Amino acid sequence: EPEVTQTPSHQVTQMGQEVILRCVPISNHLYFYWYRQILGQKVEFLVSFYNNEISEKSEIFDDQFSVERPDGSNFTLKIRSTKLEDSAMYFCASSGQGRGNEQFFGPGTRLTVL
Amino acid sequence: GQNIDQPTEMTATEGAIVQINCTYQTSGFNGLFWYQQHAGEAPTFLSYNVLDGLEEKGRFSSFLSRSKGYSYLLLKELQMKDSASYLCAVRDRGGGNNRKLIWGLGTSLAVNP
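Chains as they are written, first to last, in the numbering used here: chain A, 271 to 384; chain B, 23 to 135.
Hints in this document: simulated from the structure, not taken from any laboratory.
Any given hint might turn out to be false.
What the hints assert, rightly or not - As a list, the in silico DSBU-like pairs of lysine-lysine whose alpha-carbon atoms are at most 35 Å apart:
{"#": "1", "chain 1": "A", "residue 1": "K312", "chain 2": "B", "residue 2": "K98"}
{"#": "2", "chain 1": "B", "residue 1": "K90", "chain 2": "A", "residue 2": "K327"}
{"#": "3", "chain 1": "B", "residue 1": "K90", "chain 2": "A", "residue 2": "K348"}
{"#": "4", "chain 1": "B", "residue 1": "K103", "chain 2": "A", "residue 2": "K312"}
{"#": "5", "chain 1": "B", "residue 1": "K79", "chain 2": "A", "residue 2": "K327"}
{"#": "6", "chain 1": "A", "residue 1": "K312", "chain 2": "B", "residue 2": "K90"}
In this text, all values refer to a predicted model and were calculated from it rather than measured experimentally.
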């Protein structure tokens, strides 16, 4: 069964450094998303992406963040100048054109900022 | 504002039935989803409702009343592996291809033998 994959599974970085989180969405999906979940808190929407551009972004997704689809398979989230409060689980998701357009989630990248 | 409420914790016994409620107040509505999340793992899709009524899928059923802003997830014949967090999420309605999900905090279900 097709699945969303993410790398790395765990990223540790120093405050102020840049990180790139990588995702490979399900191949025939058209909509891509990034969410984050701080430990013990709810899942929060960051950004959605369709047709090679951002569809919507939340207040969290400020100039520190950017997304890119550099080729036909990868979808990346870049966080510039990381802060302690960026420590969270980052989930990539993708959806197709089915009845519910349910979003399928990758296993997540746990980002730890020291 | 956007608000999704679920009970924080529930416990149930193996083999029993449990109902997890969700109420929502959102600026738009384009479907309600239930996801299961085991600790440290990604949410996995369980069910989807966009029209009022009951959707059944094996041991899991989900109900929606749009006029009441209310949904529930019903789990039957509980198994130990059903111990997890159950997340209620509402898909926002927006222009273009806006399909973001707005999430509740989740209900942590403990299934006891």
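Here's how the hints hold up against the structure:
1. K312/A <-> K98/B: holds (26 Å)
2. K90/B <-> K327/A: holds (29 Å)
3. K90/B <-> K348/A: Not satisfied, since the Cα-Cα distance of roughly 40 Å exceeds 35 Å.
4. K103/B <-> K312/A: The hint holds at about 22 Å.
5. K79/B <-> K327/A: Given that 35 Å is the threshold and the Cα spacing comes to 33 Å, the pair holds.
6. K312/A <-> K90/B: holds (23 Å)
Hint violations for this structure: number 3 only, all remaining hints satisfied.
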